[in-house]
Amino acid sequence: MSVKKMFSFGAIALIASTCAGAALAQSNFPEGTVTIIVPYSAGGGTDNFVRALEAPLEEAFGTDVAVRNIAGGGGAVGLTQTLAAKPDGYTVTIPNNAFYTLIGMGNVQFAIDDFDYIARIVTEPYVLTLSPKSGHSDLASLVAASQEKPVTLGFAGVGSSSHILTLAIAEALGAQVKFVPYAGGSEATAAALGGHIDGVVLSPSDVVSAIEGDGSLVPVATTSKTSLLPDVPTFADEGFEVTTDQWRGIAAPAGVPAEVITAWEEALKRAVRDEGFQTAAKNLGVEFAPLYGAELQEFVKTGEEVLLPLTREVAGR
Amino acid sequence: MDNILEALTLVADLRVLLGICTGTFLGLVMGALPGLTAAMAIALLIPLTFGMGPVLGVGMLLGAFCGAIAGGAVPAILLNIPGTPSSVTTTLDGFPMARNGEAGKALGISITSSFIGGVIGALLLIALSLPIARFALEFGPAEFFALGVFGLVIIASVSSGSMLRGLVAGLLGLFLATVGSDPMTGALRFTGGEPALITGIGLLPALIGLFAVSQVLQDVYSRTGRRAAEAVTQSFDRARPPFGLIARAWRVVASSTIIGVIVGAIPGAGGSISSFISYDQARRMSRTPEKFGTGAPEGLIASESSNNATAGGALIPMLTLGVPGEVATAVLMGGLTIQGVRPGPALFDQQASLVYAIFLAFILANCAMFLIQLFGIRLFVRILGVPTRVMMPLILMFCVIGVYGVNGSVFELWLMLGFGVLGFFLNRYGFGTAPVILGLILGALTESNLRRGMTVFDGDWTAFLLRPISATLLLLAVLFLSAILWQNHKFRQNDKKAEEASQR
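The listed protein sequences derive, respectively, from chains A and B.
Heads up: the first sequence is residues 1093 to 1409, going by this note's numbering.
Heads up: the second sequence is residues 16 to 519, going by this note's numbering.
Extracted from the complex, chain A is given alone in its bound form:
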């Protein structure tokens, strides 16, 4: 370790001790490095989110925040590994809809209650986007046409949350749909652009570049408002009850002491005010939608009630 680095560590420790006196009066947490396990490899939506949060969180905590990518099994490996850590708040991971879908598909041994949910930070809707060659540009004509010949809808990954949402959308619309899994968002988008499928259900950031220019994709409805596609109506606007969004936050193995959770909440509330984080969130096309405490527990419960049965339906097919 260089002298300079040691000096900066010293400075951080000093700041940390002063902070402990003020903002984090209730506990000494954290006294060492906090590790965030990203259950995917570098470069995806979840990883981008954590990288943007890393620096402001270090500042808020006054300690090092280490980001570890433990990928594999669509998140199963990293999440299982997180549960092997002590529930002391020093090892956390990023909860999202994959929690429900991994459990529903029967791919993991854990349950929703095995985690303590500390925060929801951002949300991101799902968007139904149609191929220019499908011949449809609104929900009504798509649903009507599907009664004669089922429409083909693509999504990223079998048993993924975009798969489950495709099923949810098909059931809400009453449309006859053939489900076509692709390995990732870009492959599904390319298939829709080429007219090989009638549409895709993906994140706005997956399709936003492909809705510009000639012969481009047509977004028809989102699960909630998004700044990336400001003119696209929501399913609720169109009279259909599909409101589940993708989300990202912080979760730890269950059993974290209450004062540690409070310390996390305080730090996160300060970190997300950081200008760099806000800019990154905007560029990445996610909505800043923080949720803590009882409201968060309610949100997690609702997600479980909506997504688990649908996922079991997919797994049973």
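There is no bait here: all hints are sound.
List time: in silico SDA-like cross-link candidates among lysine to any residue, alpha-carbon distance up to 25 Å:
1) A:Lys1225 to B:Pro483
2) A:Lys1374 to B:Pro62
3) A:Lys1317 to B:Arg357
4) A:Lys1270 to B:Ala478
5) A:Lys1374 to B:Ala367
6) A:Lys1374 to A:Thr1326
7) A:Lys1225 to B:Arg149
8) A:Lys1270 to B:Leu480
9) A:Lys1270 to B:Gly474
10) A:Lys1361 to B:Ile353
11) A:Lys1270 to B:Pro198
12) A:Lys1317 to B:Val356
13) A:Lys1241 to B:Arg466
14) A:Lys1225 to B:Ala486
15) A:Lys1270 to B:Arg482
16) A:Lys1178 to B:Gly208
17) A:Lys1225 to B:Thr470
18) A:Lys1374 to B:Leu59
19) A:Lys1225 to B:Met469
20) A:Lys1374 to B:Phe65
21) A:Lys1374 to B:Leu63
22) A:Lys1374 to B:Arg357
23) A:Lys1374 to B:Gln366
24) A:Lys1361 to B:Phe65
25) A:Lys1241 to B:Met469
26) A:Lys1374 to B:Asp364
27) A:Lys1374 to B:Thr352
Honestly, the hints are just simulated from the structure, not real lab data.
Fit chain B to the supplied structure of chain A, relying on the hints for placement.
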């Protein structure tokens, strides 16, 4: 024109040029280390580009992209270890050349073909990106399936000795590709309760195990078996770029570059197939196909010009459609998005000068890659002088770091070691490891698209035969396969005749 001039001023900035060179250099180093792929190189550099400004940041990332693909050739030639998946075919002729004392020549050929392939790829990207992107979008389930079947014929070309053994190895690869969740239903297959296997066997641990770890085991074995590797004297006189030799093989360069750009541009085809297809095509065009696999310069030219042209191809759908062609460009696109630059058709309209600056930076990255490696050849060749007892532990260490670095998974390390043992035995009994990798890559592509197609076409299999592109690819596959069988038949008859003649 204004846009091009503006782009020139954007790129002709000392910091940008320096950024491109730095990115290229780091990319070369990472590409040369087994386990660190182009995607990983870009992902590692993204945090460095925060706050750099788009042109400087993009230049650095493009440099890393170019460098990583080209750098994979160095260990492929010198040590028989492909640094990245797209340099598997580089080992087939590059390593035999190095063993014949032509390491310097092989590196010269590889570097120059990488450069030429990269630059032609960039020019095709600039001139023809829209028509190529339109063509790439024609690839649906039927076309991907046909491409996969076409690719399987290549097993015959990359089998070192007996075709039957090559087929066995290829089938093993196809079988391994079925591990993981079913692409349509999500049901788990052969995972044995291991969560890391839900998404299938990773290409990287398989590649590193089959090529690098097996090489280390081979070395340990041959040492303890009292058969010390004989030292080969290397001729260093050929460090100059062999433009003449490559000019004479212009047909190989042309076909490999076109294949590289087109395969690179098809989202989801996976860039590593392009070097296999080009290698196969070069062998078919050659008047001496039997020399392939024993140190044929054309094989090396095909592999290296193709994999660097793939980089230009992969940028096409990202820039024109906003859809990345493969993993490395997906990570690259993520890096751009964080900076507020959103690739896609709108970028051409709104920030044309930035797009031209990206093109220019890409060409410059290829030049930097060429120059840095050219100066490095003498240094690279020295690697061969490192005593094996030092080299092998180092290689093993880099393999472990590389594989663990990607997913942070200990299971994948065991997987890598397992593949190492498998690779050792496959090589020892003449089955070869390249067909296994080819089977692993093509298996997932072929299966998922067959199944996807059956869903989309309502179970009507004739759709696979009636679409023009898939029909052409399938027909070519049948033709090439019959040609191979006919050739083998003729060889056998000639052998028989020669035998009879000698008995007389």
